[in-house]
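Quick mapping for you: the protein sequence lines, in order, are chains H and V.
Here the first sequence is numbered in this note's numbering, starting from 43 and rising by one per residue.
Here the second sequence is numbered in this note's numbering, starting from 920 and rising by one per residue.
Certain hints may be false.
Claimed, not checked - Here are the simulated DSS-like cross-link-like pairs (lysine-lysine), alpha carbons at most 30 Å apart as the crow flies:
1. 979(V) - 183(H)
2. 205(H) - 1187(V)
3. 207(H) - 979(V)
4. 207(H) - 183(H)
5. 1136(V) - 1151(V)
6. 1187(V) - 1097(V)
7. 215(H) - 205(H)
8. 1030(V) - 183(H)
9. 252(H) - 241(H)
10. 1030(V) - 979(V)
11. 183(H) - 1187(V)
12. 1030(V) - 1187(V)
I should point out that these hints are in silico values taken from the structure, not numbers from a laboratory.
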Amino acid sequence: MPELDSATAAGISRSARSRFGYEERSALLFLLPAMTVLMAVAVFPILYSLYLSFFDIKLTRPNRAPFVWFDNYVELLEKPLFWTSVGHTVTFTVMSVTAVTCVALLVALLLNEDFRGRRILSAVLLIPWAIPYIADALMWKWIYDSGYGALNGLLYQLGFIEKYKVWLGDQHKTMWLIANAFVWKEVPLAAILLLVTLKSIPEDLYRAAKVDGATMWRRFVHITLPSMRPGFMLVLIYETMIAIRHFDLFFVLTEGGPGNASHTLSWHIYVETFRNLSFGAGAAMSYILALVTFALAYLIIRSLGGSR
Amino acid sequence: MSRTVQTPSIASPAQPDYRRRARLARLAHRGVILLGSMLLLVYVLGPVAWLVSSSIQTEKEIVSVPPHWIPDEPTARNFRAIFSAGEEKVTYETRKQVDASSGGYIPPNAKNLLPAMGNSFLVATIVVILNLLFGTPAAYAMSKIRYWGRNGSIYFILLTRVVPDIALVVPFFFVIRKLGLLDSIGSLVITYLAITLPFTVFILLQYFDGLPDELDKAARVDGCSRLQALTKVFLPLALPSLVAVILFAFLTSWNEFLFALMFTQTIKSQTVPIMVAAFTSDFTISFSFINAAGVVAIVPPVIVAIVFERYIVSGLTAGAIKG
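Could you put together the complete structure from these sequences and hints?
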């Protein structure tokens, strides 16, 4: 593999020596492996899914896949279930990203203080980050369990509920419960990213503000929050991406139910593709999701600015 | 140090009243920190503690209402079943002995968990190595070499990171089927490389940007080639961020579920998350056994994360400050 890369690189640079100097040649050499991999495993699949989305592919009739232009898209947009799932995805994303950001901000402010046991606290905080999503889902499923779960047990012992409840079977509560499992897992990483920006704020700013007689609250609003903008941007982008495409928790906790209460877009894609086996429709939906995610990332970068 | 927000300035000639107010404020500050730490500890550790506690409970205890937070008679039965490769015989009789509604039996595929961990470990290790091999030179070039199309290549990296995993499933499925890689570790290595490499390049790029260009020039003047400048000067300096990258790639590969669900079918290639999910789909299985499987699955990544704790923070620091 490396020999091949250097050979092609040398070939290219020789053919265009006037254009490519030594810098260009070495850059090309260094970039080629990563770029080749990314082209093959990231760009190609996306173009391929665009291509697939124009065909009516059903694994139930493997040898015939007629070209149907935009039929997959049109059909998709006509189905009410699609719009339901879009609604649920938006709800879940807004809900969980807001919660993650707020909780992570509090945690980061706490960890930025100097106190005994801070190191232990930050090490403990890493545990949820390291836990696989599937184990996270499993753990919360067990906690929410209607028969023997900890949530029921705790609320019962504290006298908040009279009898055990079927938490995940409640249409109005499901999304909140799933979001909670998501937030628990995502807060650590978000908190670390925010903590890092907090630490980069120069002390002088606070000292100067204090001399000017700014109260603690005003210092927080006028110094801390604005300085944390890059951190917020990173967290918002990352968490939005993760939340919008999230699948594992829905798979383990509810399978989109009860009814359609947690039927999100990524779950919808899974059902269309691997349960109804209509790959074309799945690809069309994936493509829409990819575009929307990209647009969102662009919007966040534009509105919070600062990055390259 | 960072408590300056609260500490009153010592220099000011303090009136008694002012001093008392300052002391009260300091007390309140410490109270808030203490309360916050306690809340955080309970929030983070509570669920995990309950998982661990219920994994060593007997079947009788685990179905008690209200639950036993601390088991009366702890048992290692579930862990024994996992580590001694399904010693417990499962027959119709043993299955009938226990209350069918509450489960209580240990599945025969309990013995698959350790091989699955082997698979996970192998996949994660290969992905980490490939990430370092491909990612480091790319990040170095983007940061230190002024070549034509440099900004374009950086945007390209960001763009590949934005593609949602679920959008990759369908095309990957066709490609991997065509390559004949379904139900093999190779399929997972390819897909995980796709989702980790952009992040690797991005975080290393931020780190290299933080190191002065003069280092590069000095090395070149001293007669280093580009490659030597990278390996002899920059790699040792970038160690913390390399550790962060290793961790991120390792954890992502260890934890990934969706692609593994689609592309693996047998224990030949199934990874830990798939195995754990398989346990949960059997309704007669013992709850405590599922929880034990969960505990086993989270031990390796948690150990890895805690051991490298200090490196993660410093590694991410370098990446995020410039955001």
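Within 30 Å, alpha carbon to alpha carbon, are residue 207(H) and residue 979(V)? holds (21 Å)
What's the verdict on residue 1030(V) and residue 979(V), does the C-alpha distance respect the 30 Å limit or exceed it? Distance ~24 Å between residue 1030(V) and residue 979(V) Cα, so the pair holds.
Check the hint pairing residue 1030(V) with residue 183(H) against an upper bound of 30 Å on the C-alpha distance. Holds - the C-alpha atoms of residue 183(H) and residue 1030(V) are around 23 Å apart, at most 30 Å.
Pair hint outcome, residue 1136(V) versus residue 1151(V) [Cα-Cα no greater than 30 Å]: holds (13 Å)
Run the distance test for residue 1187(V) versus residue 1097(V): straight-line Cα separation, threshold 30 Å. It holds: about 19 Å lies between the C-alpha atoms, which stays within 30 Å.
Residue 252(H) paired with residue 241(H) [C-alpha distance capped at 30 Å]: Holds, at about 18 Å.
Are the Cα positions of residue 979(V) and residue 183(H) separated by 30 Å at most? The given pair, whose Cα atoms are some 20 Å apart, holds under the 30 Å limit.
Is the straight-line distance between the alpha-carbon of residue 215(H) and that of residue 205(H) 30 Å or less? Satisfied, since the Cα-Cα distance of roughly 17 Å is no more than 30 Å.
Between the alpha carbons of residue 1030(V) and residue 1187(V), is the straight-line distance 30 Å or under? OK: residue 1030(V) and residue 1187(V) at ~13 Å, within 30 Å.
Holds or violated: residue 183(H) with residue 1187(V), Cα cutoff 30 Å? Since the Cα atoms of residue 183(H) and residue 1187(V) sit roughly 28 Å apart, the hinted pair holds (cutoff 30 Å).
Against the 30 Å threshold, does the CA-CA distance of residue 207(H) and residue 183(H) hold or violate the hint? holds (14 Å)
Could you grab the alpha-carbon distance between residue 205(H) and residue 1187(V) and see if it respects the 30 Å cut-off? violated (45 Å)
In terms of the numbered hints stated before, the structure departs from hint 2 and from no other.
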